[in-house]
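Novice: Just need the whole structure built from these sequences, with the hints factored in.
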Amino acid sequence: MSAELLINSTPSETRVAMIEGGVLQEVHIEREARRGIVGNIYKGRVSRVLPGMQAAFVDIGLEKAAFLHASDIVPHTECVAENEKQQFKVRDISELVRQGQDIVVQVVKDPLGTKGARLTTDITLPSRYLVFMPGASHVGVSQRIESEKERNRLKRIVAPYCSESGGFIIRTAAEGADEKELAQDAAFLERLWEKVMVRRSKYITRSTLYGELGLAPRILRDFVGTELSLIQVDSRMVFESLLEFTEEFVPELMSKLVLYDGDKPIFDLYDAESEIQRSLDRKVNLKSGGSLIIDQTEAMTTVDINTGAFVGRRNLEETIFNTNLEATEAIARQLRLRNLGGIIIIDFIDMSSDEHRKRVLASLDAALSNDRVKTNINGFTQLGLVEMTRKRTRESIEHVLCSDCPSCEGRGAVKTVETVCYEVLREITRVNRAYDADRFLVYASLAVADALQGEESHALAELELFIGKEVKITAEPLYVQEQFDVVMM
0 MSAELLINST PSETRVAMIE GGVLQEVHIE REARRGIVGN IYKGRVSRVL PGMQAAFVDI
60 GLEKAAFLHA SDIVPHTECV AENEKQQFKV RDISELVRQG QDIVVQVVKD PLGTKGARLT
120 TDITLPSRYL VFMPGASHVG VSQRIESEKE RNRLKRIVAP YCSESGGFII RTAAEGADEK
180 ELAQDAAFLE RLWEKVMVRR SKYITRSTLY GELGLAPRIL RDFVGTELSL IQVDSRMVFE
240 SLLEFTEEFV PELMSKLVLY DGDKPIFDLY DAESEIQRSL DRKVNLKSGG SLIIDQTEAM
300 TTVDINTGAF VGRRNLEETI FNTNLEATEA IARQLRLRNL GGIIIIDFID MSSDEHRKRV
360 LASLDAALSN DRVKTNINGF TQLGLVEMTR KRTRESIEHV LCSDCPSCEG RGAVKTVETV
420 CYEVLREITR VNRAYDADRF LVYASLAVAD ALQGEESHAL AELELFIGKE VKITAEPLYV
480 QEQFDVVMM
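So the sequence shown is numbered by numbering that gives the first Met the number 0: it starts at 0 and just counts up by one.
In short, the hints are calculated from the structure, not lab data.
Using N, Cα and C, we set each Cβ at its ideal position, and we do this for glycine too.
Fair warning: there could be bad hints in the mix.
Stated by the list, open to error - The calculated DSSO-like cross-link candidates involving lysine-lysine, where the alpha carbons are at most 30 Å apart (straight line), are:
(1) K357 <-> K286
(2) K282 <-> K357
(3) K414 <-> K468
(4) K390 <-> K148
(5) K390 <-> K282
(6) K154 <-> K390
(7) K373 <-> K357
(8) K179 <-> K282
(9) K179 <-> K154
(10) K373 <-> K148
(11) K373 <-> K286
(12) K373 <-> K154
(13) K357 <-> K148
To be verified - Derived CB-CB ranges, DEER-like:
(14) S93 <-> Q276: 22 to 28 Å
(15) T380 <-> D91: 55 to 61 Å
(16) Q276 <-> Q100: 27 to 33 Å
(17) N377 <-> G175: 39 to 45 Å
(18) L315 <-> K390: 35 to 41 Å
(19) N375 <-> E193: 36 to 42 Å
(20) E386 <-> G175: 19 to 25 Å
Specialist: Written out as structure tokens, the structure reads:
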């Protein structure tokens, strides 16, 4: 199925929506304030060499000089066997660099506080499936690709693309990738490295030779090989920069780029803006009347399926099966849309038929086949739950757009008005025993203040009689439900 990209860009934020079949499937968001410089390549100059620290400071044009340790000036060892790594011994920093020397370096750690950025000369350039290693001559494969057959297949495809310029690491995401996709990635990286080398000879010292791509060009890079019918951009500046980028690195996408000049906001197309808002809700309604309840926790994500108003036309078993079948499509879409990763537990409605279970798993597997992120379904457990995993690639949309609620502090629930009323009464008793006061003034939220003066007024009256002191209640409109203060008068 061909896809369409909508790119909404402002100076502070870039958002990319992927549309398939007229429906929002993925959202990518990047905020300028959170972008670091990790991955950037600079032409710097060694400003100081510190033999005692086995390090050097390099001026790369930032406010603080960056830090380069002798151990970071070594050949590529990512894919070298442990016993072979011993030959790459760390030499004395004075033998490796000298003050005033121009050097090409890559940032591996952002500046933090008073510390400058951390650098390496072990430069790598990533794409969707491959990592290019200038100066290397071998092909390495991610250790997370466990199948020996798949590792050999990938090596066999990528090996011919190694040249004098460098070699490649095959990333985990390449598992299952075809020859065309890998070839496009390799060609893209070699063109990119050639561009860096041209800039190296032309640019002055303290210049950026390569900046890690922003969201929009990075998405286009990662979608190389994907069937895209249209790429609409609502910013002329971004559109022109993407035209330049595609012409140089991904010419096959150049004809798909269009500057959007419609009257309504670009994310109102295909109802994308509303879909993003709905993706933050726990409940997802199904067309049949059933629903999903999605809860994201630190350890895992759980998905619960309910029949709701769907009663079916035949019998209960058929109703349950059809609801579960419909839920598989919705689950697959929500995982992509919300970018949920890690362990995912799905609680389908109990099915007594093994055939129904198999068909539900097959439907879930088919629905997930369009997901560009690797997923793995482990089937039903003894408790009737489906265990699956989805590779974590970036923060979920909830973590990007939301923070913990200040009222419940992330619990997802607040204490009832009745509970807070009794806490207030206990606090008055505690303060009365600890301190000498003539009377008490209680500041509480509107709901709690109303309850203490209404349905809980008898409990307050009994307390006043017990401690022999007056208690006055004042409603504080700015207080949240659980908040209150007991003041001695």
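Novice: Holds or violated: K373 and K148, Cα atoms, limit 30 Å.
Specialist: It holds: about 18 Å lies between the C-alpha atoms, which stays within 30 Å.
Novice: Does K154 sit within 30 Å of K373, going by the straight-line distance between their CA atoms?
Specialist: The given pair, whose Cα atoms are some 20 Å apart, holds under the 30 Å limit.
Novice: Could one say that the CB atoms of L315 and K390 fall in the range 35 to 41 Å?
Specialist: 37 Å, holds
Novice: Within 30 Å, alpha carbon to alpha carbon, are K282 and K357?
Specialist: 26 Å, holds
Novice: With respect to the beta-carbon atoms only, verify the hint that N375 and E193 lie 36 to 42 Å apart.
Specialist: 38 Å, holds
Novice: Between the alpha carbons of K179 and K154, is the straight-line distance 30 Å or under?
Specialist: Status holds; Cα separation ~14 Å.
Novice: Does the alpha-carbon distance linking K373 and K286 stay inside the 30 Å limit?
Specialist: 28 Å, holds
Novice: Just to be sure I understand the hint, the distance between the Cβ atoms of S93 and Q276 should be within 22 to 28 Å; is that true here?
Specialist: 59 Å, violated
Novice: Holds or violated: K357 with K148, Cα cutoff 30 Å?
Specialist: Since the Cα atoms of K357 and K148 sit roughly 28 Å apart, the hinted pair holds (cutoff 30 Å).
Novice: Tell me if the straight-line CA distance from K154 to K390 falls inside 30 Å.
Specialist: 22 Å, holds
Novice: Falls inside 27 to 33 Å, the C-beta gap from Q276 to Q100?
Specialist: Given about 54 Å between the Cβ atoms, the range is violated.
Novice: Do N377 and G175 keep their Cβ atoms within the hinted range of 39 to 45 Å?
Specialist: 18 Å, violated
The structure fails to meet hints 8, 14, 16, 17 from the earlier list, while all remaining hints are met.
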